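J.: Next come the chains, spelled out residue by residue.
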Amino acid sequence: MLELINIDVELEGDNGWDKVLNDINLSLERNKIYVMTGPNGGGKSSIAKTIMGIHKPSRGKILIDGIDITDMSISERARRGIGYAFQTPARFKGLKVKDLLNLAAGEREIDHCEILYNVGLCAQDYLDREINSTFSGGELKRIEIASLLARQIKVALFDEPEAGIDLWSFQRLTETFINLHQKSDTTLVIISHQERILRLADVVIMVENGRISEITNKDKILEEISQLDTGCEHRDNCGKGVMEYADCIR
Amino acid sequence: MLTALDKKLLVEVADIHDIPQGAYNIRKNGEGIIRNNSANIEIISKKDKPGIDILIKPGTKNESVHIPVIISEEGLNDIVYNTFKIGTNSDVLIVAGCGIHNGGSEKTQHDGVHEFFVGKGAHMRYIEKHYGEGKGDGERVLNPKTIIHVEEDGVVELEMDQIKGVDYTIRDTYIKLYRNARLIVNEKLLTYLDQSAESKIVVELLGEDASAQIISRSVAKDDSKQVFYLSLKGHSKCRGHIQCDSIIMDRAKVSAIPEIVAHHSGAQLIHEAAIGKIASDQITKLMTLGLSGEEAEETILQGFLG
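Each protein sequence line maps, in turn, to chains C and E. Everything in the first sequence is counted per our numbering, starting at 1 for the first residue and increasing by one. Everything in the second sequence is counted per our numbering, starting at 1 for the first residue and increasing by one.
These are computed hints drawn from the structure, not numbers from a lab. In this text, all values refer to a predicted model and were calculated from it rather than measured experimentally. Mixed in with the good hints there might be a few duds.
Stretches of chain E that chain C covers, calculated by requiring three or more beta carbons in the stretch to come under 8 Å of a beta carbon on chain C [stated by the list, open to error]:
(1) 275-282
(2) 285-295
(3) 298-306
No farther apart than 25 Å at their CA atoms in a straight line, the calculated lysine to aspartate or glutamate pairs in the DMTMM-like style are these [said to hold, decoys possible]:
(4) Lys-233/E - Asp-245/E
(5) Lys-164/E - Glu-208/E
(6) Lys-96/C - Glu-159/E
(7) Lys-93/C - Glu-198/E
(8) Lys-93/C - Glu-157/E
(9) Lys-98/C - Asp-245/E
(10) Lys-96/C - Glu-298/E
(11) Lys-61/C - Glu-12/C
(12) Lys-19/C - Asp-281/E
(13) Lys-98/C - Glu-294/E
(14) Lys-56/C - Glu-295/E
(15) Lys-225/E - Asp-245/E
(16) Lys-93/C - Glu-295/E
(17) Lys-225/E - Glu-294/E
(18) Lys-98/C - Asp-281/E
(19) Lys-98/C - Glu-298/E
(20) Lys-154/C - Asp-281/E
(21) Lys-93/C - Asp-245/E
(22) Lys-277/E - Glu-107/C
(23) Lys-93/C - Asp-250/E
(24) Lys-164/E - Asp-99/C
(25) Lys-233/E - Glu-151/E
(26) Lys-93/C - Glu-159/E
(27) Lys-277/E - Glu-295/E
(28) Lys-188/E - Glu-12/C
(29) Lys-277/E - Glu-298/E
(30) Lys-98/C - Glu-295/E
(31) Lys-135/E - Glu-106/E
(32) Lys-188/E - Glu-208/E
(33) Lys-96/C - Asp-161/E
(34) Lys-93/C - Asp-161/E
Quick reminder that beta carbons are idealized off the backbone N, C-alpha and C, glycines included.
Pulled out of the complex, with its shape left as it was, chain E reads as follows (with noise of 0.2 Å):
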């Protein structure tokens, strides 16, 4: 059922090498192809929209959950709504993700609309890849919008990642922080050529002691474009702190515009942006060990995006 591109696919936005171990579905062309539960996790087709509900009992430890979305039609407009419930004191990893292969002229787009509902005390670990390749003019879009509600006690981490071959995104995710709830967010960008995206991120704090640290760090080369907008309200004592880290080149356009907001005098915020062009600093030390202007570069931007 899964081609040798399928398996490309698959391999660069879940690191799947093969079937995943644990629950999973596998989305291709707008269906569900292959699924699997597990004794804690069940996968149930929504019956009034495409998507899936994914149900983690509570005390579920350990165990993981992949939900890649492949795409090699062109001219293809997926949309789909999954919701997770993730039961309290259980501690899980998903691993979500998209790649579009687009042969033809013709747009591909995948817009996935994510909703999680964290139980309290759960963690939750939350990986999302996104890649596009094919040697058509066509154009990839991928628009997701991610929602998540974290409960009291809730831990949840984000790794955010585009790093190749998306023409088009606009990311939009919203998170509301209960009661001693905790987030990370590690968000990594690439874009050249003349792609585009825009990531908008917002934090409520609405719970006491409940925090948030948001790392979004980005590449902008060529032509391309990149909007920030990252925003954290407190509304409660609480913590957070936004790192904005942009590397710009070539003849791209970068604004990272950040918003803090305190409804409440015991919030602790903190806004860090920053967009420069890579430090000749950095680039002068790695020639005197021996690598080319080039080499020095590429080992920069990669440590960068680690």
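For reference, chain C alone in the conformation it holds in the complex (with noise of 0.2 Å):
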């Protein structure tokens, strides 16, 4: 079980320290997939990254079984479980697919042919190429989530990772969790947007301005969806501006 407890972030931006989470509160169960979901900056990636130790909470806790990892870095947290795909992936100039599977992998045996299967590339043309600038975006995110599926983890972060995947692989990923959900008992978090992903759901987290919005379940946030507005409650009487001149009427 991972735990929040209080959690506020501080980070610090163009106008000096933002408060980009507000007494975040959470409780993650094993063998469940939470989905979580709400409008773009509300703080999704920042409760990831948060979980994963990239982000240093300035309030709260964090508690894996129990044991408290607050102030672990990122690698003691991973080599305790937990395990983050990252939004925007890196490259790696002279580092190979079967290289990063490996360094996921660590001492576990692992078959790189069904991992990479399972995220829909071929072994034969990927296995030994170097994720560098030739790969695309989507090939990128599959990857990533490669990365993933070779370690034995705890708690799995996905940030979008449906983005920049094609509609027909998209079928696959879904089938991926599923696969990992009903093999493991990870907790898994997934972060998105997308319908289908929401439907895999045990557990709906709305996050908003930096806020946990609700904790509900899919069919609630399914039928709520289609009326939930990301942009400005005053588009209607937006002024604007005009060239360089913005001029915003709250």
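Grab the two chains, each in its own frame, and use the hints to assemble them into the complex.
T.: As structure tokens, this is what we get:
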């Protein structure tokens, strides 16, 4: 079980320190699928990055199976079974797909071909390819997901895994999540706006303005999502401005 | 004749674990000590200056020549002139390289001047590794000069590595490509402490449809300095591409000075150069797989330098 207790996160932006997460409380159980959704910039990725240790909270605690990991580094959390598939994965000049999967697996024996098959990539074409700028965004996302599948983890965080993945592979991707869910007792946390991903959820977490606005189930959210307005509520009366001079009426 | 130290140096520079197969010439402390010819490859000492002529018969296929140089004496200044004649339509591997063990306080230097005449339709792969070691504070200096003439339809692959222990180096490489000749260069360089390295590669694309690809990757650590001067000159309808990529760390300095010159409207020449530190998203990603920050950095550098 992963617990976030009264978590605040402040990040330094262009205009000084900005509170991106405000009093986040979550309990994530084993063998469940959580889908985090909500408007852009609402704080979903910040929650995932805080769990991974990429963002440090200014207040609150994070526990995994009762052990306080709040002050642990990214590497230590990884060794304790937390994994994160980035929204925008890194490219590596010189590092091959096989190398990355081996690094992910650590001392564990893995079936490279099966892992790549599960993310819809042909092992023969990809195993020895460098993860460099010749990779498309979609290919990179699949490798990123594969790097989590190569590990044995307690908590797997997927940040918009479907972005850049074409429709044909989308089916394969949802199957991959279902498989992972059935074969292990990993806690899956998937950040997504996609209906098909939302349908996998045991629990849906709505994140808005740096807060958890609602913890609900998929049926309720799927009904609500059609009415969800992610834009500004004053859009109808927006002053816009002229040329380079923006004018907000708020 | 070969001590344990010599053998270690040979492994580092030529991957030789025992006496090599095929033709070879091992030079130690300024003198040739072991030599072997094959049916198709003849090695002859030069009469007017130190060095050897390596003659490869036309049509020689899948043979190799190893000509490593090892130096274990301090204060030695070794200059050698080697000439290679690669016969038409042959296909050979040449492994050179120099290893210096300097345990003393005086400078040890090796300057190898290599000139290659690659015949029509021949394919040559040339591997040159430079390595230095020894606890003494005497400098280890290597200044190779390489001149290559590639005749019609010839293919040359160059692999030039300097990964460890060379304090000061100036590499000077000059290549002429004739009609439909092809060149592929892979250069790898790592400097640290207060080492200094300069690499100059000038390629003249003389003949029609000649092509050249130069990939240079380097890592500069600590207070070391690197200068790359990579130049492509197109004199006919030809293609050339330079990729010069450096990772800079600590207080190091790196200069990449590009030059592409076209003397013909059919010349297509590209130069790409980039210098930057290790991308933080790469380190973060590897840390999320359980590597420490240092392990992540080492993995990225190792991958980058292949």
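J.: None of the hints should be skipped; say for each whether it holds.
T.: Status of each hint after checking the structure:
Given a C-beta distance limit of less than 8 Å, the hint that chain C covers the stretch 275-282 of chain E holds, as 3 residues qualify and 3 suffice. With 9 residues bearing a CB less than 8 Å from a CB of chain C, the stretch 285-295 of chain E meets the requirement of three and the coverage assertion stands. For the stretch 298-306 of chain E, the proposed coverage by chain C is satisfied: 7 residues have a C-beta within less than 8 Å of a C-beta in that chain, meeting the threshold of three. Taking the CA atoms of Lys-233/E and Asp-245/E, the gap is near 20 Å; set against the 25 Å cutoff, the hint holds.
Taking the CA atoms of Lys-164/E and Glu-208/E, the gap is near 39 Å; set against the 25 Å cutoff, the hint is violated. Between Lys-96/C and Glu-159/E the CA atoms are separated by roughly 20 Å; this keeps the pair inside 25 Å, and the hint holds. With a C-alpha separation of about 23 Å, the suggested pairing of Lys-93/C with Glu-198/E holds against the 25 Å cut-off. Straight-line distance between C-alpha atoms of Lys-93/C and Glu-157/E comes to about 21 Å, which keeps the hinted pair within the 25 Å bound.
For the given pair, Lys-98/C sits about 23 Å from Asp-245/E by alpha-carbon distance, which is consistent with the 25 Å threshold. Simply put, Lys-96/C and Glu-298/E have alpha-carbon atoms about 15 Å apart, close enough for the 25 Å limit, and the pair holds. Taken as a hint, the Lys-61/C and Glu-12/C pair is honoured in the structure, with Cα atoms around 21 Å apart against an allowance of 25 Å. Proposed proximity of Lys-19/C and Asp-281/E is supported: the alpha carbons are some 22 Å apart, at most 25 Å.
Straight-line distance between C-alpha atoms of Lys-98/C and Glu-294/E comes to about 21 Å, which keeps the hinted pair within the 25 Å bound. For the hint pairing Lys-56/C with Glu-295/E, the CA-to-CA distance comes to about 22 Å; that is within 25 Å, so the pair holds. Taken as a hint, the Lys-225/E and Asp-245/E pair is honoured in the structure, with Cα atoms around 15 Å apart against an allowance of 25 Å. For the proposed pair Lys-93/C and Glu-295/E, the alpha carbon gap of about 17 Å is at most 25 Å, so the pair holds.
Between the alpha carbons of Lys-225/E and Glu-294/E the distance comes to roughly 22 Å, so the proposed pair stays at or under 25 Å and holds. A threshold of 25 Å between alpha carbons decides the hint, and for Lys-98/C with Asp-281/E the separation of about 19 Å falls inside it, so the pair holds. Between the alpha carbons of Lys-98/C and Glu-298/E the distance comes to roughly 17 Å, so the proposed pair stays at or under 25 Å and holds. Taking the CA atoms of Lys-154/C and Asp-281/E, the gap is about 23 Å. The hint holds against a cut of 25 Å.
Simply put, Lys-93/C and Asp-245/E have alpha-carbon atoms about 10 Å apart, close enough for the 25 Å limit, and the pair holds. With a CA separation close to 29 Å, the supplied pair Lys-277/E and Glu-107/C exceeds the 25 Å bound. Pair hint Lys-93/C plus Asp-250/E holds up; C-alpha atoms about 20 Å apart against a cutoff of 25 Å. Taking the CA atoms of Lys-164/E and Asp-99/C, the gap is near 24 Å; set against the 25 Å cutoff, the hint holds.
Taking the CA atoms of Lys-233/E and Glu-151/E, the gap is about 17 Å. The hint holds against a cut of 25 Å. A distance of roughly 18 Å separates the Cα atoms of Lys-93/C and Glu-159/E; the hinted pair therefore holds under the 25 Å criterion. In summary, the hint linking Lys-277/E to Glu-295/E is supported, as the alpha carbons are separated by about 16 Å, within the 25 Å threshold. At roughly 38 Å between alpha-carbon atoms, Lys-188/E and Glu-12/C are farther apart than 25 Å, so this suggested pair is violated.
With a CA separation close to 13 Å, the supplied pair Lys-277/E and Glu-298/E stays within the 25 Å bound. At most 25 Å may separate the alpha-carbon atoms for a hinted pair to count; Lys-98/C and Glu-295/E meet this at roughly 18 Å. Using a Cα cut-off of 25 Å, the hinted pair Lys-135/E and Glu-106/E holds, with the two alpha carbons roughly 12 Å apart. The hinted pair formed by Lys-188/E and Glu-208/E fails the criterion: a straight-line CA distance of about 29 Å is larger than 25 Å.
Of the pairs offered as hints, the one joining Lys-96/C and Asp-161/E holds, with about 20 Å between alpha carbons and a cut-off of 25 Å not exceeded. Under the criterion of a C-alpha separation no larger than 25 Å, the hint pairing Lys-93/C with Asp-161/E is consistent with the structure, at around 18 Å.
Hints 5, 22, 28 and 32, counting from the list given before, are not met by this structure.
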